[in-house]
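Let's have the full structure, built from the sequences with the hints guiding it.
One letter stands for each residue in the lines below.
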Amino acid sequence: MTAAGRSAVSAAERLTSRGECFDPARARLDFPILQNTGLIFLDSAASAQKPQCVIDAIANCYSRDYANIHRGIYELSARATENFEAVRRTTQQFIGASEAREIVFVRNTTEAINLIAATYGRQNVGPGDEVLITEMEHHSNIVPWQMLCEAKGAVLRVAPFDDRGALILEEFEKLLCPRTKIVAVAHISNALGTVNPIAEITRLAHAHGAAVIIDGAQAVPHHRVDVVDLDCDFYALSGHKVFGPTGVGVLYGKAALLESMPPYQGGGSMIQTVRFEKTTYAGIPQRFEAGTPDIGGVTGFGAALDYVTGIGLDVIESHERELLAYATDALAEIPGVRLIGTAAHKAAVLSFSLDGVHPHDVGSILDHEGIAVRTGHHCAQPVMEHFGVPATVRASLALYNTREDIDALVRALHTVRELFQ
Amino acid sequence: MSSDLRELYQSVIIDHNKRPRNFCKPKCTNRSAEGINPLCGDQLTVYLDVEDGIVKDVGFSGTGCAISTASASLMTQSIKGRKIGDVEHLFEEFREMVTSNPKSNVEDDELGKLSVFSGVREFPMRVKCATLAWHAMSEALHDTGGTATTE
Chain A
1 MTAAGRSAVS
11 AAERLTSRGE
21 CFDPARARLD
31 FPILQNTGLI
41 FLDSAASAQK
51 PQCVIDAIAN
61 CYSRDYANIH
71 RGIYELSARA
81 TENFEAVRRT
91 TQQFIGASEA
101 REIVFVRNTT
111 EAINLIAATY
121 GRQNVGPGDE
131 VLITEMEHHS
141 NIVPWQMLCE
151 AKGAVLRVAP
161 FDDRGALILE
171 EFEKLLCPRT
181 KIVAVAHISN
191 ALGTVNPIAE
201 ITRLAHAHGA
211 AVIIDGAQAV
221 PHHRVDVVDL
231 DCDFYALSGH
241 KVFGPTGVGV
251 LYGKAALLES
261 MPPYQGGGSM
271 IQTVRFEKTT
281 YAGIPQRFEA
291 GTPDIGGVTG
301 FGAALDYVTG
311 IGLDVIESHE
321 RELLAYATDA
331 LAEIPGVRLI
341 GTAAHKAAVL
351 SFSLDGVHPH
361 DVGSILDHEG
371 IAVRTGHHCA
381 QPVMEHFGVP
391 ATVRASLALY
401 NTREDIDALV
411 RALHTVRELF
421 Q
Chain W
1 MSSDLRELYQ
11 SVIIDHNKRP
21 RNFCKPKCTN
31 RSAEGINPLC
41 GDQLTVYLDV
51 EDGIVKDVGF
61 SGTGCAISTA
71 SASLMTQSIK
81 GRKIGDVEHL
91 FEEFREMVTS
101 NPKSNVEDDE
111 LGKLSVFSGV
121 REFPMRVKCA
131 TLAWHAMSEA
141 LHDTGGTATT
151 E
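These protein sequence lines map, in sequence, to chains A and W. First residue of the first sequence: 1, per this note's numbering; consecutive thereafter. First residue of the second sequence: 1, per this note's numbering; consecutive thereafter.
Simulated from the structure, these hints should not be mistaken for lab results. On a predicted model such as this, the values are computed, not experimentally measured, just so you know. Think of the CB as a built atom: it goes at the ideal place given N, C-alpha and C, for glycine as much as any other residue. The hints are all genuine.
Computed beta-carbon distance windows for the label pairs:
| id | chain 1 | residue 1 | chain 2 | residue 2 | range |
| --- | --- | --- | --- | --- | --- |
| 1 | W | S11 | A | P160 | 39 to 45 Å |
| 2 | A | V155 | W | C28 | 40 to 46 Å |
| 3 | A | D163 | W | S11 | 35 to 41 Å |
| 4 | W | I54 | A | E333 | 51 to 57 Å |
| 5 | W | V12 | A | E404 | 32 to 38 Å |
| 6 | A | V274 | W | H142 | 52 to 58 Å |
| 7 | W | V12 | A | E173 | 53 to 59 Å |
| 8 | A | V155 | W | E92 | 46 to 52 Å |
| 9 | W | C24 | A | D231 | 53 to 59 Å |
| 10 | A | D162 | W | H142 | 45 to 51 Å |
In structure tokens, the structure reads:
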């Protein structure tokens, strides 16, 4: 646990450490934005709210422990470096990586995926080779691969999902071939909530010699992730979706693969020696961390991981599963609501349309009732196309959501229907 | 239900959303342009038949929210048969109405039925919806061959 995390014991943690049942109403007390504002926040899949301990950790970093890292001989810089590196170890434990040097700090999931495309991708994908993704990917796990394929004369293949939004594994398997160099798949779909069978996908991809990249942005806040069990080669995540600040993301890569990859950006921190004739690069993970990183952000991210660990991902997952079932039943009772994404394995995302009402209108009316939901294509336009809708309304849940939030959503949806009668 | 919401979703708007008028490509058109709102995925095309400086015919197609659909529908009704200069002036008046401070009271008789959109100014996020068709129509009018986008 990081220094910042130790100092802040959350309401939720106090509760679960006493062996009592998890009570989301108590967990809400950890989030200043949810106090006395009347806000019903159902958009955590876009970005999660921040608990006080994260906000404090960032403030403490800047008010007590701040200096640039990996540079100064002075005590303050050494302390800042140690705090920063402690978060790398916290992250390693959080996702079950074998070594801390397998954790590369980046800006977000998008940058992590672009980093792999620009390094591993450029090194290993050639003309006629193939990159395999799925139809349910977020644009950030489509566009970098399209760009790579275009630059290299490679081919992008897309594995389809069925009408419930579950990946059709047989079709996925059929698309694997000796030319498949990279398989890039979301752990959990942001638009549908589908949980993909990552261990199985990895096994199949490895049998064909492809490297496996998992977009874990939607998984880490809700689901225990163990990259060694999954056996994926790379795993990307965003800190801001797991209650941390914006500006910090993580790329996990197997050490041997990271070692074999060229640098991403050039600059300070990523070098061993620089001469005009020849520069030699640092080892991993520094080779991929050019320039001064988001030191305050990484500190906050560490506090966020400590916060989640303090409550327990198993506890969070079980709370969200129960709430998802409650919300699914409640929405099903509203005439005209069509749930989009009903896979058997689903995380707490409810994407839906309401007959005769455009999602944008639904979103406006819900907003007026104090309910924040996402409306639009969720950066997954191919998913919208599959279901023949221009957009959906998406309510996504997190540990601080309650049955009362769902009840308010249902009431507001009745208001929408009344207005549009 | 709050009066703000009723004001935004007036019965005229709901009606034009359900049954948009001139919701087709006219038989004879000589100008068109697409309007896209990338934020919410609204996408519509406005078709014009302009002769002797007059909008002889107008129609639209596409998908969008109630505000953008009703706005496109009511726009077609209010510009058909009018001079280009008048249409441009109307767009200015309309834009002023949906973006201005409520107290400034810019509604006037000139806007006629279009004044049902005055409630939009209480919902700044929806201004782009209300003006999307107008932007596309303006593009078509000047036939720049471009796409109007709200971003």
